[in-house]
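A.B. asks: Given chain Y, put chain E in place with the hints provided.
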Amino acid sequence: MAPVDRPDDLLRLEDLRVAHDGCDVLGPLTLDITARRTGIVGRNGSGKTTLARVVAGLQAPTAGRVTISGIDPAKDRRGALDRVGILFQNPDHQIIFPTVEEEITFGLRQQGRSKAEAAAAVTAILTRFDKLHWRAAATHSLSQGQKQLVCLMAVLVMGPRWIVLDEPFSGLDIATRLQLMRHMARIEARILMISHDPESFAGYDRVIWLEGGALREDGPAAPVLARFTAQMRHWGDADDLSHLAG
Amino acid sequence: MISLTSPVETWAHRWPAGLKLGLMSLATVALFATEDPAILGASAFGVALLYASAGARFARAGARQLWPLWPFLVLIALWHGLSGQVAAGVALTLRLLAAVALANFVTMTTRLSAMIEVAAVLLAPFRRLGLSTRALEISIALVIRFTPAIARKGGLLSEAWRARSRRRPGWQIVMPLAALAIDDADHVADALKARGGVLPIPDTDQKG
Chain Y
1 MAPVDRPDDL LRLEDLRVAH DGCDVLGPLT LDITARRTGI VGRNGSGKTT
51 LARVVAGLQA PTAGRVTISG IDPAKDRRGA LDRVGILFQN PDHQIIFPTV
101 EEEITFGLRQ QGRSKAEAAA AVTAILTRFD KLHWRAAATH SLSQGQKQLV
151 CLMAVLVMGP RWIVLDEPFS GLDIATRLQL MRHMARIEAR ILMISHDPES
201 FAGYDRVIWL EGGALREDGP AAPVLARFTA QMRHWGDADD LSHLAG
Chain E
1 MISLTSPVET WAHRWPAGLK LGLMSLATVA LFATEDPAIL GASAFGVALL
51 YASAGARFAR AGARQLWPLW PFLVLIALWH GLSGQVAAGV ALTLRLLAAV
101 ALANFVTMTT RLSAMIEVAA VLLAPFRRLG LSTRALEISI ALVIRFTPAI
151 ARKGGLLSEA WRARSRRRPG WQIVMPLAAL AIDDADHVAD ALKARGGVLP
201 IPDTDQKG
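Protein chains in written order, with my numbering: chain Y, 1 to 246; chain E, 1 to 208.
Please keep in mind that the hints were generated in silico from the structure rather than gathered at the bench.
Built from N, CA and C at the ideal position, the CB exists for glycine as well.
Each hint can be trusted.
Partial list, derived from the structure: chain Y residues whose beta carbon lies under 8 Å from chain E:
#: 1; residue: A56
#: 2; residue: L58
#: 3; residue: L81
#: 4; residue: H93
#: 5; residue: I96
#: 6; residue: T105
Pairs of lysine-lysine, DSBU-like flavour, derived with a Cα cap of 30 Å:
#: 7; chain 1: Y; residue 1: K115; chain 2: Y; residue 2: K131
#: 8; chain 1: Y; residue 1: K115; chain 2: E; residue 2: K193
#: 9; chain 1: Y; residue 1: K75; chain 2: Y; residue 2: K115
#: 10; chain 1: E; residue 1: K193; chain 2: Y; residue 2: K75
#: 11; chain 1: Y; residue 1: K115; chain 2: Y; residue 2: K147
#: 12; chain 1: Y; residue 1: K147; chain 2: E; residue 2: K193
#: 13; chain 1: Y; residue 1: K131; chain 2: E; residue 2: K193
#: 14; chain 1: Y; residue 1: K147; chain 2: E; residue 2: K153
#: 15; chain 1: Y; residue 1: K131; chain 2: Y; residue 2: K147
#: 16; chain 1: E; residue 1: K193; chain 2: E; residue 2: K153
Just some of the chain Y residues that point at chain E, by a computed CB distance under 7 Å:
#: 17; residue: I86
#: 18; residue: E102
#: 19; residue: Q110
Looking at chain Y on its own, in the form it has when it is part of the complex (with noise of 0.2 Å):
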């Protein structure tokens, strides 16, 4: 089920922008990536999630072009499905299915394999995860955090070249954060990660910031990651919590 890591896999993103209600909420963003762990940092309000909406292939941009692995991925549905897949940031709005196996089939039956190809690969990626017990447990019974882990099998079972992962540990315990992000670490796609926690990045390669919709700084992670987490410290002594948009 692992997927192939292709040195010609590239997100390339052009004169990108992006707008709510004629309203530029992103870009415009020229970039190409291919780094196999990219994070995304930013505020809130920054286009972090319109930008992993739109390279996921859930939103069109208003102009400009997306390609993820030689794909338009609003367009190619049907090509989407093997080259990106996203993890959004509540697990509850990504569960589908009561439990655990109708949940991590569903995606492999509109990958178009068949019932038997199916609960071989819900086998397999369970096995993988050293989760075979959980096959029929009910997906509301289980934590946040288990939650979570059932939407990465789910997503990581279809075996795309690329993962959207948006805020993945919002609301999880340390502990939970540590454990899911060893199992991230051992994922052989590629990951475009959106975190506000920099630890989060560890081992990451490059880091892109977004600020107003914009690309504030694009580099390797560290020095990236540490003139974000001094910006963010002299913002919170101020009090731009006060200004409403519009």
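C.D. replies: Leaving out everything else, chain E in the frame of chain Y:
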């Protein structure tokens, strides 16, 4: 969240979904064919035995899920009590209880995917006419999955109300609940889209 799945694996889980749904349909038709309170009482007792046969834990979970029915039963009893049709009221109550409990039993012991497969088989004629039935099949899953989720949201809203009020919440939480339901629908639409949505994927419905 109220669970529509069983806390334990029972003998009924091993029965094919189609058979269970078929038997349930026949039993429900039979329940509506009789007015005899004795037969309806025996039927309700039979359904109770069915729950008991699946174990105490299962029976308790089942009883918890049927509990929300009580206002309806009280209403029926009151209405028939006031209008003097006691026998008809008893018959109606027993019939309703037996039919809903039986449907609940099938829901609790059948995996959602098995249920959807039965729907897919029954909808086959429409597919032959060239219509995609995938959306309808997924809708069934979504209704079963999200009815309890929306009930829980209603509970949270009424708590948010009570945290700042001495009175019980009423119609005032209907609008925000509707807004939350629409918001949830947006999230589910995203979750579906992220994994292929309801694209008419060739052969997916029929395969296996």
